[in-house]
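Novice: Generate coordinates for the entire structure from the input sequences, incorporating the hints supplied.
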Amino acid sequence: MSQIIQRMDENEPIVRYRNITKSFGDHIVLKELDLDILPGEKIALIGPSGSGKTTIARLLMTLEEPTSGTIEVGGEMLWHMQRKGNWVAANEKHLHRVRSKIGMVFQHFNLFPHMTILRNVTEALVHVLKMPKSEANQRALEILERVGLKEHTQHYPAQLSGGQKQRVAIARALVMQPQIMLFDEVTSALDPELVGEVLDVIKGIASEGDMAMILITHEMDFARDVADRILFTDGGLIVEQGTPKDIFENPESPRLQSFLSRFLKGQSELQADTRIAAGTE
Amino acid sequence: MWDWQYARSILPKLLEVIPTTLAATFAGFIIACLLGLPLALAKRSRMKWISIPVTAVTEFIRSTPLLIQLFVLVFVLPQSFGITLSPFLAGIIGLGIHYSTYLSEVYRSGIDAIPRGQWEASIALNFSKARTWTRIMLPQSIPPTIPVMGNYLIVMFKETPTLSAITVVELLMTAKVVGSASFKYVEAFTLVGVIFFILSYPSALLVRALERRMKRSERRGLAR
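Protein chains in written order, with the numbering used here: chain A, 397 to 677; chain B, 97 to 320.
Any given hint might turn out to be false.
[To be verified] Derived BS3-like pairs: lysine-lysine, alpha-carbon spacing no greater than 25 Å straight-line:
no. : chain 1 : residue 1 : chain 2 : residue 2
1   : B       : Lys225    : A       : Lys489
2   : B       : Lys109    : B       : Lys272
3   : A       : Lys489    : B       : Lys144
4   : A       : Lys529    : B       : Lys109
Hints listed in this document are in silico derivations from the structure and should not be mistaken for laboratory results.
Specialist: This is the structure in structure tokens:
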């Protein structure tokens with residue numbers, strides 16, 4: 397039995413989306429999505445706004461319920477449970493248990509404004525994992541040091557910059573030691589000069605290895621550096637997927653090609669603008 | 097017309113009932129605060145069999161005069177249910193229930209003002225529903241409502257003369273008794289007015305100051 401479990405741990409996907417469709421009213425956001433994520437795998441989701449990539453993460457975090465299909469986490473159904481031999485919609489207790497394997501960082505940080513930075517990080521340790529306060533503080537301080545915010549522990553979120561807030565949010569999710577971490581456009585709300593410090597922190601976490609990550613991002617260089625696999629979504633479908641090399645050097649589908657060319661054009665325009673602004677052109 | 101000496105002689109009688117009036121106000125306010133919160137939660141509930149009846153009842157209470165509700169408590173309860181309340185107790189319960197419907201709206205606006213992201217972060221950190229309310233939602237939604245709550249406290253204080261209709265011996269009732277004993281109503285009623293003003297105006301100023309302070313700290317981004 398233990399051998400079987402071990403084999404599962406090594407080779408089986410930690411997350412399995414099967415035939416997932418999500419619609420809001422008439423609007424279909426995801427169409428019959430199948431996706432497996434291996435333990436420790438780093439996946440980047442790229443694609444135009446409204447292509448369904450954020451919904452993929454939100455379904456896994458249980459922020460949205462799928463219209464149809466199933467999601468498995470660690471071999472267990474997320475949105476369904478068995479009762480008297482029948483599959484029924486998961487109740488709060490079931491969601492609570494399966495959800496503990498997943499963590500998420502949001503575009504708009506969503507820190508708790510009425511708590512200090514330290515309490516933002518310890519609150520779930522104490523009140524969800526029931527950890528003694530002293531131990532929780534210890535763990536929080538270690539993790540805040542790792543994201544470079546040890547000197548801000550007694551400040552409130554409103555006193556920090558966007559980049560600092562996002563690093564707190566990362567620490568807050570990380571301290572719960574999830575097996576899968578979701579990063580939903582975590583630099584989109586930041587001033588350009590603050591993007592780097594946040595991406596560096598995520599790269600550091602990614603290099604440590606064992607946690608699976610889904611990175612929803614518009615930062616192509618970052619996706620190339622961090623991801624094992626890149627998925628390009630458009631119109632509620634995964635249009636193309638592959639290694640960063642495949643995706644950026646040999647995009648096959650016309651939609652990905654035009655998406656990437658638009659992006660590269662945007663970037664070179666940005667660089668041109670900067671050069672003009674700097675008076676070098 | 098105005099008899100200073102007479103006014104001075106009846107003042108102690110009026111001052112004597114100030115504690116009763118304040119006690120009714122505060123007791124009623126505490127009931128309203130305690131009852132208002134569950135009402136607000138019930139009205140926001142996604143379970144329609146909770147939210148619809150609770151909304152209907154609170155709207156009914158809010159849209160009917162307090163005086164009628166007091167009469168129900170004093171006259172209908174003993175007759176139909178065999179429950180007899182003292183006038184004072186009936187007064188604070190009536191006042192409390194009536195204003196709980198107003199305070200539930202205040203709580204509701206405070207709760208609705210919390211950004212969606214706070215709920216989502218609470219789910220992502222796997223807080224239970226109960227913890228989400230006690231640790232995340234209520235500590236954020238109640239402080240901004242404190243000035244509005246303060247205003248309702250003052251409104252309730254000014255509403256206490258209604259209790260005289262169910263024979264609670266508060267300021268107005270006492271003034272009426274004193275006045276009718278000597279047929280000098282001017283002094284008695286004027287003094288009642290002055291006493292209400294002296295107590296409620298500074299309180300109103302206090303609430304306004306509190307409101308300004310909260311707006312300032314909100315601008316600094318610390319309140320929310």
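Novice: What are the numbers of the hints that this structure violates, sorted from low to high?
Specialist: When the structure is compared with the hints, only number 4 turns out to be violated.
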